[in-house]
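Trainee: Sequence:
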Amino acid sequence: MYRCVNLNRGAPLHAITRHLELYRNENPIISFIVSDHSPCTPQLKEIDSGDLEKAWGGISALQFGLPLIWTEAKKQGFDLVDISRLMSLETAKFAGLEKRKGQIAVGYDADLLIFDEKKHFEISNDMIKHRHKITPYVGREVLGVVKRTYVRGHLVFDDAYANNKQFINNPIGKPILKHELKT
-13 MYRCVNLNRG APLHAITRHL ELYRNENPII SFIVSDHSPC TPQLKEIDSG
37 DLEKAWGGIS ALQFGLPLIW TEAKKQGFDL VDISRLMSLE TAKFAGLEKR
87 KGQIAVGYDA DLLIFDEKKH FEISNDMIKH RHKITPYVGR EVLGVVKRTY
137 VRGHLVFDDA YANNKQFINN PIGKPILKHE LKT
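Read left to right, the sequence shown gives residues -13 to 169 (our numbering).
One or more hints might be untrue.
No farther apart than 27 angstroms at their CA atoms in a straight line, the calculated lysine-lysine pairs in the DSS-like style are these [as the list claims (entries may be wrong)]:
no., residue 1, residue 2
1, Lys104, Lys115
2, Lys119, Lys133
3, Lys119, Lys79
4, Lys133, Lys60
5, Lys115, Lys133
Honestly, the hints are just simulated from the structure, not real lab data.
Whenever a hint applies, use it, and build me the whole structure from the sequences.
Mentor: The following block contains the structure:
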């Protein structure tokens, strides 16, 4: 987890690169990739004090997760089929959702995205959609832009409207995993 209070060190990208190496083996140590979206207020990051012990351990990663992963994966010779398998199919298997998520097939949820794998962009504060604009990725050049996202066949994000803040406001989903609390 990324705790560094100096957000310009780029530790998460180094971690991505190291972890991708673990997928290359004939018997991979890690079988899927997920991202963590763990936002917090600037105060919880302890930027002013520099106190690493007190700093919140996560970052806002949802918006840039796929472009960051794709940028590092492509450098190491992975293709989009590899990344799709590691971020969709294998993740669905781990979560016990492989009968309805993780692949494009009849009877599966139509969770899809349109991804421009060749488009480059530099992450800047003005493009961040999160409430708290703290990210170690500002100034990073990344590869790949999510153009559209569909959840169960419904358009939930369209890059053409994102700058106008015309996102889908009404949730269309339901929880996919329900954990029973044990007392």
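Trainee: Take the hints in turn and mark each one as holding or not.
Mentor: Against the structure, the hints come out as follows:
Simply put, Lys104 and Lys115 have alpha-carbon atoms about 22 angstroms apart, close enough for the 27 angstroms limit, and the pair holds. Only pairs whose Cα atoms come within 27 angstroms are accepted, and Lys119 paired with Lys133 is accepted, the gap being roughly 22 angstroms. In summary, the hint linking Lys119 to Lys79 is not supported, as the alpha carbons are separated by about 33 angstroms, beyond the 27 angstroms threshold. Under the criterion of a C-alpha separation no larger than 27 angstroms, the hint pairing Lys133 with Lys60 is consistent with the structure, at around 19 angstroms.
Between Lys115 and Lys133 the CA atoms are separated by roughly 15 angstroms; this keeps the pair inside 27 angstroms, and the hint holds.
Checked against the numbered hints above, the structure violates only hint 3.
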